[in-house]
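**Q** Take these sequences, add in the hints, and give me the full structure.
Which chain is which? The protein sequence lines are A and B, in order. Counting from 1, position 174 in the first sequence corresponds to residue 173 in numbering that gives the first Met the number 0; the numbering is continuous, with no gaps. Counting from 1, position 221 in the second sequence corresponds to residue 220 in numbering that gives the first Met the number 0; the numbering is continuous, with no gaps.
Rather than coming from a laboratory, the hints here were simulated on the basis of the structure. Model, not experiment: these values are computed from the prediction. There are no misleading hints in this set.
Here are some chain A residues pointing at chain B (derived, C-beta under 10 Å):
| id | residue |
| --- | --- |
| 1 | Y69 |
| 2 | D94 |
| 3 | E98 |
| 4 | N307 |
| 5 | A324 |
| 6 | L327 |
Under the rule of at most 25 Å between Cα atoms (straight-line distance), these lysine-lysine pairs were calculated in the DSS-like manner:
| id | chain 1 | residue 1 | chain 2 | residue 2 |
| --- | --- | --- | --- | --- |
| 7 | B | K245 | B | K114 |
| 8 | B | K153 | B | K21 |
| 9 | A | K59 | B | K314 |
| 10 | B | K302 | A | K59 |
| 11 | A | K217 | B | K302 |
| 12 | B | K314 | A | K217 |
| 13 | A | K29 | B | K27 |
| 14 | A | K29 | B | K29 |
| 15 | B | K59 | A | K314 |
| 16 | A | K59 | B | K333 |
| 17 | A | K27 | B | K27 |
| 18 | B | K302 | A | K187 |
| 19 | A | K302 | B | K59 |
| 20 | A | K29 | B | K21 |
| 21 | B | K217 | A | K314 |
| 22 | A | K21 | B | K27 |
| 23 | B | K21 | B | K261 |
| 24 | B | K21 | A | K27 |
| 25 | A | K302 | B | K217 |
| 26 | A | K21 | B | K29 |
| 27 | A | K314 | A | K333 |
Computed spacing ranges between beta-carbons, pair by pair:
| id | chain 1 | residue 1 | chain 2 | residue 2 | range |
| --- | --- | --- | --- | --- | --- |
| 28 | A | T164 | B | D33 | 42 to 50 Å |
| 29 | A | P56 | B | K351 | 21 to 29 Å |
| 30 | A | P290 | B | S317 | 18 to 26 Å |
| 31 | B | E220 | A | E22 | 45 to 53 Å |
| 32 | A | K383 | B | E379 | 30 to 38 Å |
Virtual Cβ for every residue (Gly too), placed ideally from N, Cα, C.
The residues making up each chain are set out below.
Number of protein chains: 2
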Amino acid sequence: MEPATIESLSVLRAKSGTEVDKEIYAFKDKGGRDVGLRFDLTVGMTRYVCSRRDMRPPVKLACVGGVWRYDEPQHARYRFHTQWDIEVYGTASIDSDAEVIDFSRSIFDRLGMSKDSVEIGDRRVIQEFITKRLKMESNERAVELMRALDKVQKKSRTELLKEYTEKGFEARDLEKLLEFGGLKGAPKDVLSRLGELKLDSAAEMGELADRLAARGIKNYEYNLSIVRGIDYYTAVVFEVVDAARKDLGSLCGGGRYDLLPKLLGRPELSATGAAGGIDRAAMSLEGIKAPQLPLTLVAFASKDVFPNALEMLAKLRSAGVRAEAPPLERPLSKQLEDASAMGARWALIIGKKELASGTVTLRDMRQRSETQLPFKDALEKVSKGD
Amino acid sequence: MEPATIESLSVLRAKSGTEVDKEIYAFKDKGGRDVGLRFDLTVGMTRYVCSRRDMRPPVKLACVGGVWRYDEPQHARYRFHTQWDIEVYGTASIDSDAEVIDFSRSIFDRLGMSKDSVEIGDRRVIQEFITKRLKMESNERAVELMRALDKVQKKSRTELLKEYTEKGFEARDLEKLLEFGGLKGAPKDVLSRLGELKLDSAAEMGELADRLAARGIKNYEYNLSIVRGIDYYTAVVFEVVDAARKDLGSLCGGGRYDLLPKLLGRPELSATGAAGGIDRAAMSLEGIKAPQLPLTLVAFASKDVFPNALEMLAKLRSAGVRAEAPPLERPLSKQLEDASAMGARWALIIGKKELASGTVTLRDMRQRSETQLPFKDALEKVSKGD
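**A** Following this line, the structure appears as structure tokens:
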């Protein structure tokens with residue numbers, strides 16, 4: 000399904016956090032209503048599922064669609080870009096989180112990326128650390144402090160300290176949180192450190208490791224600094240990164256966001272999912288050589304054999320050959336220039352002479368050689384790839 | 000390529016005609032600029048090509064993307080819908096028009112529609128009729144009058160007469176135009192009538208018929224009332240309709256629009272193309288039975304064999320079987336209820352008993368029968384389709 004592109008601003012704002020609020024492409028429509036272009040697909044899909052009480056959980060939805068951010072465009076981050084998105088509603092099971100991670104990873108595996116890796120965190124662990132170790136009672140303040148972890152990669156430690164002491168946090172608390180958030184590595188190492196710190200919520204991360212193992216997923220690490228920027232996340236959060244292209248940021252991200260269905264009136268409908276940008280995935284794939292079908296240009300010596308050229312074009316295409324024909328008005332010499340300019344591998348030329356003898360002339364654009372042969376032999380030759 | 004979703008209002012208005020102007024989803028952005036959401040893909044693609052003087056014509060572009068209209072939603076006409084769009088720039092050849100018609104028709108053929116048919120008109124013929132027969136000199140007035148033909152299907156003759164006499168046109172001229180626009184049928188019949196009327200531009204429609212014949216296209220008729228609503232069209236215009244679903248309107252439409260590149264500063268860059276809505280095509284396909292893969296639910300008798308269930312799920316999916324597994328927490332009885340509710344064809348059940356004997360239990364959900372067999376035999380059975 001595809002959610003609405005234009006949503007009322009109040010729905011878009013639902014616990015999206017102040018960071019995202021600034022970036023919403025908001026405006027008044029012709030009817031004077033406060034609306035905005037969707038900044039993700041999750042909010043709209045969740046609003047939809049929350050309104051469909053007839054659906055039997057678990058509900059699994061997927062979508063590919065464009066999203067907007069009112070933001071200065073920067074490298075690999077545009078005002079408009081296309082995302083894929085998957086969501087699972089109505090199961091609180093941590094195995095659903097494992098399934099979402101499994102699915103996300105499989106996308107990049109199928110695309111042939113070998114350097115992708117998954118980094119997994121858990122907001123509950125951070126929250127428990129803040130409550131137990133930093134003795135902070137207010138949940139709102141805890142979330143605000145947690146957001147510092149999401150900024151570690153963009154801001155220096157000094158900048159963060161300045162920002163958070165100005166917000167009234169203790170410098171010592173921030174230091175402790177940043178140190179804790181620095182925990183990163185193989186699941187068993189991170190789990191053992193969490194055990195030493197006597198954090199109960201570590202049990203959930205242990206359970207997740209078991210679930211991932213059952214799915215045969217090995218290529219991941221735990222990274223407590225992963226908290227994701229948006230406020231609706233509640234538990235497991237993760238990102239997939241291309242280790243060879245860290246400059247691109249995360250290729251996809253997701254996690255559990257039970258808070259959002261609750262805000263939209265369905266507290267029993269827990270939710271977990273993931274989304275990724277198509278552009279970043281494409282950039283990450285740039286280094287991978289994609290096989291491209293060689294191009295065949297069907298050329299014609301004179302206008303009166305143009306119908307024959309079109310007939311051959313249709314036959315080539317039916318056989319799966321990537322083929323083009325120049326426009327009718329183009330003289331043969333220009334057609335062959337076109338073939339070079341377009342990077343054609345072959346030019347298949349038809350003229351009166353060929354027509355009379357039941358053949359075509361096949362020009363090898365790379366070797367600059369020509370042979371005359373029956374059309375079916377030419378078709379076989381150009382079908383073979385290189 | 001995909002053109003920008005948000006364009007400056009002045010570009011969107013470029014000769015789009017007053018009808019479309021009202022329907023543009025326009026607003027002021029946060030920077031106070033007058034912008035609008037694209038109402039088609041053609042304007043943005045044309046703006047792009049006009050700015051790329053380095054591209055060697057003919058340039059062929061294709062896009063699938065969403066478009067918006069600020070309009071009351073009605074049957075098969077939404078505020079947001081997805082279109083496919085193809086454009087050919089830089090060739091004035093009528094064979095390019097034939098190619099666009101050929102491509103458009105081939106989409107519906109490949110989708111398995113047999114009742115689709117192409118209706119082709121030509122604005123030049125109408126324009127010549129208005130100038131020569133109705134002795135109307137002003138081009139603007141001619142275009143205004145021509146638009147009446149586009150309204151014939153939505154408004155009664157009396158309504159049109161009232162509207163146009165109020166605009167200062169002669170009732171007699173409108174009557175004559177509507178009669179002329181009624182010309183419709185096999186190309187040779189329409190061409191012979193145009194010959195009697197001594198309209199020079201009929202030659203172009205004759206040439207088009209030759210080009211379509213060379214491409215083996217027979218399933219079309221000439222229909223002079225086809226003029227398309229948007230002002231940038233200049234010559235050949237066409238629509239594809241589903242004869243069995245006339246209520247849907249046209250499945251796709253297009254034509255030559257040399258005026259648009261001219262308005263965008265590239266008068267030498269002629270243009271022809273077509274676009275169609277995905278929703279209407281889908282509605283038109285509703286009557287056609289699409290094969291759906293049968294679903295297999297992998298069920299587990301207890302939590303400890305869940306990893307084995309997941310392993311089988313992965314194997315089934317790798318083999319191309321449409322398969323699902325219930326969430327970990329679900330007891331077996333509920334899992335089998337799920338299988339019924341989801342319309343599963345098969346339930347593949349794994350338990351300790353099966354694990355010990357190296358088998359699985361395959362439940363035929365339709366026959367309500369069960370057999371115990373090795374996994375690979377079960378896989379073979381569920382792979383076979385029904």
